[in-house]
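A.B. asks: Work out the full structure, taking the sequences as your base and the hints as a guide.
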Amino acid sequence: MNYRIAVPILICLCWLEMVLESAGAQTGELRLKAQLIWATDDDKPKDKQLKEVDAELTNKLRRFYKWKNYWEVSCRETGPVTSNSQKHRLSPKCETELKKIDDSTVEVKLYGEGKLVKTIRQPIKLLLRGEFLVLGGDDKEKYDDAWFVVFSLAKP
Amino acid sequence: MKIIDFDTQLRLQSYLDGELDPAQAKEMAELLAKDSQAHLLLQELKATSVLLSGNEPALRVPESREFYWSKIARAIAHEMAPAPHERRRDPISWLGWLVPVSAAGLVVLMLSVGGQFGSGPHPRAGTSAEAPEIDSPLDDTSVMSFHSATEGMTVVWISSY
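So the sequence lines, in the order shown, correspond to chains U and F. If you read the first sequence in my numbering, its first letter stands for residue 1, the second for the next number, and so on. If you read the second sequence in my numbering, its first letter stands for residue 1, the second for the next number, and so on.
Please keep in mind that the hints were generated in silico from the structure rather than gathered at the bench. Idealized CB from N, CA, C, for every residue including glycine. You may find that some hints are simply not true.
[What the hints assert, rightly or not] Chain F side only, calculated, beta carbon under 7 Å to chain U, not exhaustive:
| # | residue |
| --- | --- |
| 1 | Pro100 |
| 2 | Val101 |
| 3 | Ala104 |
| 4 | Leu106 |
| 5 | Val107 |
| 6 | Thr150 |
| 7 | Gly152 |
| 8 | Val155 |
| 9 | Trp157 |
| 10 | Ile158 |
[Unchecked claim] Some residues of chain U that are not near chain F, with every Cβ distance over 12 Å (derived):
| # | residue |
| --- | --- |
| 11 | Arg4 |
| 12 | Glu29 |
| 13 | Lys48 |
| 14 | Glu56 |
| 15 | Lys68 |
| 16 | Ser74 |
| 17 | His88 |
| 18 | Gly112 |
| 19 | Leu126 |
| 20 | Ala154 |
| 21 | Pro156 |
C.D. replies: So this is what it looks like as structure tokens:
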């Protein structure tokens, strides 16, 4: 084996892989899951159809926020996120809009009561890594409670 | 009985072998005339020398003198010659690696620079490449955001007034 040829080729291949990964190139479909979550210290109300948030996400939220309980109000799978805007309703008052800006960025718009509240651009590579994008705010209807909209990679 | 010191014993042996210079030989002769112990030792050394030279077994090499010495000469020459791999080593052979490694480095540099100027958004000055870009169209809201790589979360908190 001619090491003088093999070693430089190996170096180039390793760097090519690193450059592509750092550039955030994404070759497959991006499918996300959007969860509307209610955070409270109260126990779960009996008359509401709420689901317990999975343990991983609950633990992460508890590390950042003060609330004891996190209930999933609704959950939507977005389907492939494309350069065309897609709206998804999570509740009568909460909507999100997703759009792929380019291969490395996704734009998330949050609507509350029909009004655009926030526009966020998130690097796709973070979502592909399994990270969460968490938007949250105070619950206007109940003092000291909060709402969260959590985006994560949809499981196949 | 006086014991002769070791240095004197050695000088006696040298005297017997004829290895002392004239001044030292004269000194030793004077000592032998005065010191009976030294004289006795000299006699002993003389007898031992005669005994050895007359009775030492003669070992004969089963080769001619010329062949025997030529073998030694060849062994010396072989010891002094450089090893084959050392002979082939070129003091500047590392230059052979320089060209391919430099080429690889140039390719890597071009890819890295090309990646930076490729299409796609660039992080604005003062922001992290992984921080979300946020636009807040409502005046009565404030936003706090941060990214935790260890927790795997980007958090955006929207406060309404």
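A.B. asks: So, for every hint listed, does it hold in this structure?
C.D. replies: Comparing the hints with the structure gives:
{"no.": "1", "hint": "Pro100", "verdict": "holds, 4 Å"}
{"no.": "2", "hint": "Val101", "verdict": "holds, 6 Å"}
{"no.": "3", "hint": "Ala104", "verdict": "holds, 4 Å"}
{"no.": "4", "hint": "Leu106", "verdict": "violated, 10 Å"}
{"no.": "5", "hint": "Val107", "verdict": "holds, 5 Å"}
{"no.": "6", "hint": "Thr150", "verdict": "violated, 10 Å"}
{"no.": "7", "hint": "Gly152", "verdict": "holds, 4 Å"}
{"no.": "8", "hint": "Val155", "verdict": "holds, 5 Å"}
{"no.": "9", "hint": "Trp157", "verdict": "holds, 5 Å"}
{"no.": "10", "hint": "Ile158", "verdict": "holds, 4 Å"}
{"no.": "11", "hint": "Arg4", "verdict": "violated, 5 Å"}
{"no.": "12", "hint": "Glu29", "verdict": "holds, 19 Å"}
{"no.": "13", "hint": "Lys48", "verdict": "holds, 23 Å"}
{"no.": "14", "hint": "Glu56", "verdict": "violated, 10 Å"}
{"no.": "15", "hint": "Lys68", "verdict": "holds, 18 Å"}
{"no.": "16", "hint": "Ser74", "verdict": "holds, 19 Å"}
{"no.": "17", "hint": "His88", "verdict": "holds, 18 Å"}
{"no.": "18", "hint": "Gly112", "verdict": "violated, 9 Å"}
{"no.": "19", "hint": "Leu126", "verdict": "violated, 6 Å"}
{"no.": "20", "hint": "Ala154", "verdict": "holds, 16 Å"}
{"no.": "21", "hint": "Pro156", "verdict": "holds, 19 Å"}
When held up to the earlier numbered hints, the structure conflicts with 4, 6, 11, 14, 18, 19 and fits the remainder.
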